[in-house]
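Peer 1: Chain by chain, the residues:
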Amino acid sequence: MPVTTEDVAQVALLARLSIPEETMEDVTGRFTRVLELVAELQQVDTDGVVPMSNPHDMEQRLRADAVTEENRRDELQKPAPSVEDGYFLVPRVID
Amino acid sequence: MNSLDLSSATAAQLISALRAGTISSLELTQAYLQRIEKFNPAVNAVVTIDHEGALASAAAADQARAKGAEGPLTGVPLLHKDIFCTAGIRTTCASKMLANFEPPYSATVVEKLNAAGVVTLGKTNMDEFAMGSSNETSYFGPSFNPWDLKRVPGGSSGGSAAAVAAGLAPLSTGTDTGGSIRQPASLCGITGFKPTYGRISRFGIIAFASSLDQAGPMTRTVEDAALMLSAMCGLDANDSTSADVPVPNFHTALNGDIKGLRIGLPKEYFSDMLNADVATSIHAALKELEAEGAILVDVDLPHTRQGIATYYVIAPAEASANLARYDGVRFGHRCDNPTDLMDLYARSRSEGFGDEVQRRILVGTYALSAGFYDAYFKKAQQVRRIISEDFKKAFEVCDLIAGPSAPNVAFPVGAKNDDPIAMYMEDVYTLSVNLAGLPGLSVPAGLINDLPIGLQLIGRPFDEETVLRAGHRLQLRTDHHLKTPQIGADQS
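These protein sequence lines are chains A and B, in that order.
The first sequence lines up with residues 1 to 95 when you count with the numbering used here.
The second sequence lines up with residues 1001 to 1492 when you count with the numbering used here.
Rather than coming from a laboratory, the hints here were simulated on the basis of the structure.
It cannot be assumed that every hint is accurate.
Below 27 Å or equal to it, Euclidean Cα-Cα: the simulated BS3-like pairs (lysine-lysine) are [to be verified]:
1) B:1267 with A:78
2) A:78 with B:1096
3) B:1067 with B:1096
4) B:1393 with B:1378
5) B:1096 with B:1287
6) B:1378 with B:1392
Computed beta-carbon distance windows for the label pairs [said to hold, decoys possible]:
7) A:77 with B:1096: 19 to 29 Å
8) B:1238 with A:95: 17 to 27 Å
9) A:39 with B:1324: 38 to 48 Å
10) A:95 with B:1369: 26 to 36 Å
11) B:1237 with A:14: 41 to 51 Å
12) B:1417 with A:73: 38 to 48 Å
13) A:47 with B:1298: 26 to 36 Å
14) B:1245 with A:64: 20 to 30 Å
15) A:20 with B:1378: 39 to 49 Å
16) A:3 with B:1417: 13 to 23 Å
17) B:1249 with A:75: 31 to 41 Å
18) A:95 with B:1330: 23 to 33 Å
If you want the ones that stay clear, here's a sample from chain A, every Cβ over 10 Å from chain B, calculated [said to hold, decoys possible]:
19) 5
20) 6
21) 22
22) 40
23) 46
24) 52
25) 75
26) 79
No residue lacks a Cβ here, since even glycine has one placed at the ideal position from N, Cα and C.
Only chain A is shown next, with the shape it has when bound in the complex:
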């Protein structure tokens, strides 16, 4: 199934990427080539095969439901581009 520039624009929206108009054709072309490569998956008969999400089929290990971390807010916010009073600042969301 061929992929159009509109399809790629929709995926870019979902991925929160901004692709400039002038590169859209090129991006779509490369995207299509990757999809052609991964289409080889369809050659494999996978009827009844259980999907594998962890190479050792490991179960998620759970820890005790106890507070173990101290408050390091100031330290953890240091790399943030914009903070105020312990909050991350973003452009106005509600007018």
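Mind docking chain B on chain A? Use the hints.
Peer 2: For chain B alone, coordinates are given in the frame of chain A:
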């Protein structure tokens, strides 16, 4: 300085000299920093040098040794791939997105190696977010292969491989999601080991594809890899996928022979995709293992080719989820004057990520999106199980699987830039090993026109010992791993 030649010195040799007191860690660290200053402009393997920090920890290492409080690697200089968070040292993942990021904590691997006594010299170049096989997607420009500066060192741990090959450090760390330790090790003529998935904690390693990512040592010799690996492994409460299995002494595991060891040769690894000269060298290395008493047997890994497609769905899908955290809000690059929240997200991400990273996020997002999930992501996870079963079947008739690490020697810089698919093919022999979560070692197996190639040895899950022992036996018989490129030979 004394007779130590740092262009070829191993960590084991340096440890002996430090123990004997013929050299101090401070002298050693200064000498490596000088080598970095001298040779790095040509290879661009190191992106951050921690001059002061290195000298301070070298002085501390010398004091610890004087007090008899040394660890297994006390005073030995090391470089970290710039994907490992290092508190107080910039950690960029070779991306504009993290160009000014100073992590508030260190990776577990970094902490463990510090506890073992290493001296961190700095951070190495890599493909952006570890996505690439040539080191050309780095925001800091490509690293170059010390054997031929017009060629790539491989990737994504290209800087780590080039640094060890050029003698800028005896040890470096790498990560391997689809071959990112083994392929550059092969192309730069060093030893690189990706242990079993779960052996080493992923905590503090900037995530690419969480079900595939694994850290490992990049060194001159298998002996050094064993020394380093022993310090890196272990269960970590901060990584729920780190394995709760005992950690053997990998150095001791090198002892013993490989008589009667059955080594499987997958015919798919010796198909027409493989460069004929590489094939000849690989067969010569296998003859050496045979002379050590190993028995070569034929095995099948019938879905090797489909491993590429499987990987290029699963890895981008996981990456698209992992890289969603770069939103311009909490850390990382933020665009100027965003008009609204959506604009802030989209422009920060598209300004911060390079082309290959954005391409993989797009593919991954597509593979996970409604309507395509079953055809791509679920299908790839099913094929992943089939590939894993192929390996299990092969290991019923052999103890180890051997083949090339990469189909070719290092290619010229720029040669595959216009064709992402050609680049992806470089990883045909390594990708499946990550899909199955197995340990894989690349050891030097000779030179073709002065360009190195690597033999890959693949083991059963958590059987790193057999893999390392076989690699060590090869290095006891051959001198491929002792060869060094011209560039670093010039003594400073």
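Peer 1: Could you run down the list of hints and mark each one as holding or not?
Peer 2: For each hint, the structure was consulted:
1. B:1267 with A:78: The hint is violated at about 53 Å.
2. A:78 with B:1096: Given pair residue 78 of chain A, residue 1096 of chain B holds - Cα atoms ~18 Å apart, limit 27 Å.
3. B:1067 with B:1096: 44 Å, violated
4. B:1393 with B:1378: Roughly 23 Å separates the two Cα atoms, so the pair holds.
5. B:1096 with B:1287: 47 Å, violated
6. B:1378 with B:1392: The hint holds at about 21 Å.
7. A:77 with B:1096: 19 to 29 Å: The hinted range 19 to 29 Å holds for residue 77 of chain A and residue 1096 of chain B, with Cβ atoms some 21 Å apart.
8. B:1238 with A:95: 17 to 27 Å: At roughly 42 Å between Cβ atoms, residue 95 of chain A and residue 1238 of chain B fall outside 17 to 27 Å, so the hint is violated.
9. A:39 with B:1324: 38 to 48 Å: 26 Å, violated
10. A:95 with B:1369: 26 to 36 Å: 31 Å, holds
11. B:1237 with A:14: 41 to 51 Å: Given a distance of about 34 Å, which is not inside 41 to 51 Å, the answer is violated.
12. B:1417 with A:73: 38 to 48 Å: 43 Å, holds
13. A:47 with B:1298: 26 to 36 Å: Holds, since residue 47 of chain A and residue 1298 of chain B (Cβ atoms, about 28 Å apart) stay within the stated range.
14. B:1245 with A:64: 20 to 30 Å: Once the Cβ atoms are compared, 21 Å apart, the range 20 to 30 Å for residue 64 of chain A and residue 1245 of chain B holds.
15. A:20 with B:1378: 39 to 49 Å: Violated, since residue 20 of chain A and residue 1378 of chain B (Cβ atoms, about 33 Å apart) do not stay within the stated range.
16. A:3 with B:1417: 13 to 23 Å: At 22 Å between Cβs, range holds.
17. B:1249 with A:75: 31 to 41 Å: Taking Cβ atoms as reference, residue 1249 of chain B and residue 75 of chain A lie about 36 Å apart, which means the hint holds.
18. A:95 with B:1330: 23 to 33 Å: 24 Å, holds
19. 5: Nearest chain B Cβ is 12 Å from residue 5 of chain A, so the label holds.
20. 6: 13 Å, holds
21. 22: 13 Å, holds
22. 40: The assertion about residue 40 of chain A is violated, with a minimum of 4 Å to chain B.
23. 46: Violated, since 4 Å does not exceed 10 Å.
24. 52: 4 Å, violated
25. 75: Since the minimum Cβ distance to chain B is about 5 Å, residue 75 of chain A lies within 10 Å and the statement is violated.
26. 79: Nearest chain B Cβ is 4 Å from residue 79 of chain A, so the label is violated.
When the structure is compared with the earlier hints, violations turn up for hints 1, 3, 5, 8, 9, 11, 15, 22, 23, 24, 25 and 26 and for no others.
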